[in-house]
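Q: Sequence:
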Amino acid sequence: LALVLVPWLVRPALVEARLQAVPGQGALGRVDRVLALDPLDARALEVRAKLRVAAALEVWNTGRGRETRVLRSWDERRREARVLLTGAAADLRTALSATPTNPFLHEILAEVHGTAAMVDPASAPVEVPAALTSLRRAIALAPENARFYRSLALLAASQREPRLGLALSAAREAVRRDPALLPDLVDQFLSVKLGETQWAALAPDSAADQLQLGALLEQSGLAGPARHAYRRAAELATPDEVSFARWLLARLLTRQGDYEGALVELDAAIRSDPDNPELHLARASALSGRADPAALDAHRAAVLKAEARARGRAGDPLPFQLADPRARVLASEALGAGDGPHAVRYRRALAQYLLDHKRWERAVREWEALLAEDPRDAGAHFGRGMALHELGARDEALEAYRNAVSLDGRSVAFGKPTSTTRP
Numbered sequence: 069l070a071l072v073l074v075p076w077l078v079r080p081a082l083v084e085a086r087l088q089a090v091p092g093q094g095a096l097g098r099v100d101r102v103l104a105l106d107p108l109d110a111r112a113l114e115v116r117a118k119l120r121v122a123a124a125l126e127v128w129n130t131g132r133g134r135e136t137r138v139l140r141s142w143d144e145r146r147r148e149a150r151v152l153l154t155g156a157a158a159d160l161r162t163a164l165s166a167t168p169t170n171p172f173l174h175e176i177l178a179e180v181h182g183t184a185a186m187v188d189p190a191s192a193p194v195e196v197p198a199a200l201t202s203l204r205r206a207i208a209l210a211p212e213n214a215r216f217y218r219s220l221a222l223l224a225a226s227q228r229e230p231r232l233g234l235a236l237s238a239a240r241e242a243v244r245r246d247p248a249l250l251p252d253l254v255d256q257f258l259s260v261k262l263g264e265t266q267w268a269a270l271a272p273d274s275a276a277d278q279l280q281l282g283a284l285l286e287q288s289g290l291a292g293p294a295r296h297a298y299r300r301a302a303e304l305a306t307p308d309e310v311s312f313a314r315w316l317l318a319r320l321l322t323r324q325g326d327y328e329g330a331l332v333e334l335d336a337a338i339r340s341d342p343d344n345p346e347l348h349l350a351r352a353s354a355l356s357g358r359a360d361p362a363a364l365d366a367h368r369a370a371v372l373k374a375e376a377r378a379r380g381r382a383g384d385p386l387p388f389q390l391a392d393p394r395a396r397v398l399a400s401e402a403l404g405a406g407d408g409p410h411a412v413r414y415r416r417a418l419a420q421y422l423l424d425h426k427r428w429e430r431a432v433r434e435w436e437a438l439l440a441e442d443p444r445d446a447g448a449h450f451g452r453g454m455a456l457h458e459l460g461a462r463d464e465a466l467e468a469y470r471n472a473v474s475l476d477g478r479s480v481a482f483g484k485p486t487s488t489t490r491p
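Numbered by the numbering used here, the letters in the sequence shown go through residues 69 to 491 in order.
Read the hints as simulated data drawn from the structure, not as lab findings.
Virtual Cβ for every residue (Gly too), placed ideally from N, Cα, C.
It is possible that part of the hints are untrue.
What the hints assert, rightly or not - FRET-style restraints, in silico, Cβ to Cβ: (1) ARG462 to GLY263: 57 to 63 Å; (2) ALA405 to GLN227: 40 to 46 Å; (3) ALA440 to PRO385: 20 to 26 Å; (4) ALA190 to GLN324: 43 to 49 Å.
Start from the sequences and build out the full structure, keeping to the hints where you can.
A: Below is the structure:
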């Protein structure tokens, strides 16, 4: 009896050892030899199926067939690729007969069916439902695996007539389980013509998810869907988050030239968070956009609020009170690297506003206040120099320009003459 059992004890170890040497050129032939040891070994069948799919895609994309043959027509490529894909599907079905509860085998089988539908569109009525069925089985076996939902979403969205309801539902479930998938899913869905509410349905109905979705859509140039996502986030937000959502929306509206709409959002945000300097700065920007002299008072309010907050909230680099880690990351990215939690950011904006509006003496005072905080602030030296130049203090202006260049000689702005620096 022991002698009879020996081959069955040794064979799995041999298969495992041989599989380690499979990758590389000629891998498909080597895995065939591995399967000669045990034709029903599920892992070896999975490896061969993957190799067959890769070979099918190579044939389809390059025309390089087996034995270095060059397939010149698409029909030839299609025939050879279909043979490989049929073999891959057969391998996976055999593997599943041994391990029917392996969700990853079901996912790979879905990929085989999906690839077959791409290579041979005439087969799509059969292959696409088979792919969807395989992915649903994978999800049923591993319902918390976000990757399976992502695969289902992309498959449903990639059809000639996209199954948008299924695609958006699957994408939403993928993001619910792994929010890090949202940027990739947004990128993948850019080629699908979605409306504002459809884009919103791509992410779960939570403030954090809708905020991230809005930011990604804004970066992609989809202002309308981004506005919708920000508004939805504001509706879902906690009291601490709502001013941040309105601020993001107002910034977008200001960039689009909708200053009235931006001010509506900012006024509402300031009512709920009156001491937030960033809201006052954004309000100043919107007022300035419509040439409203009240922008100056808004800039001053931003500076005063920032100074008061710096005394009371030392250590927090964000002007928004956000507990959600993703919201904090979004806020950091939106604010960008800059002057930190102090009033410097807001005083710099005030100084620049005064400079832009030719209020030279006040501008000099604000730039000098910045230099009192940081004598090595090259931008403040340069701004002071511009204001001094317009006031006729040419020697002081020249010295200020020299200081700016010595502190930051790489800045193109410091090296180029402007309308205010020409004699």
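Q: Are the hints correct? Go through all of them and say.
A: Hint check:
no., hint, in the structure
1, ARG462 to GLY263: 57 to 63 Å, "59 Å, holds"
2, ALA405 to GLN227: 40 to 46 Å, "43 Å, holds"
3, ALA440 to PRO385: 20 to 26 Å, "22 Å, holds"
4, ALA190 to GLN324: 43 to 49 Å, "46 Å, holds"
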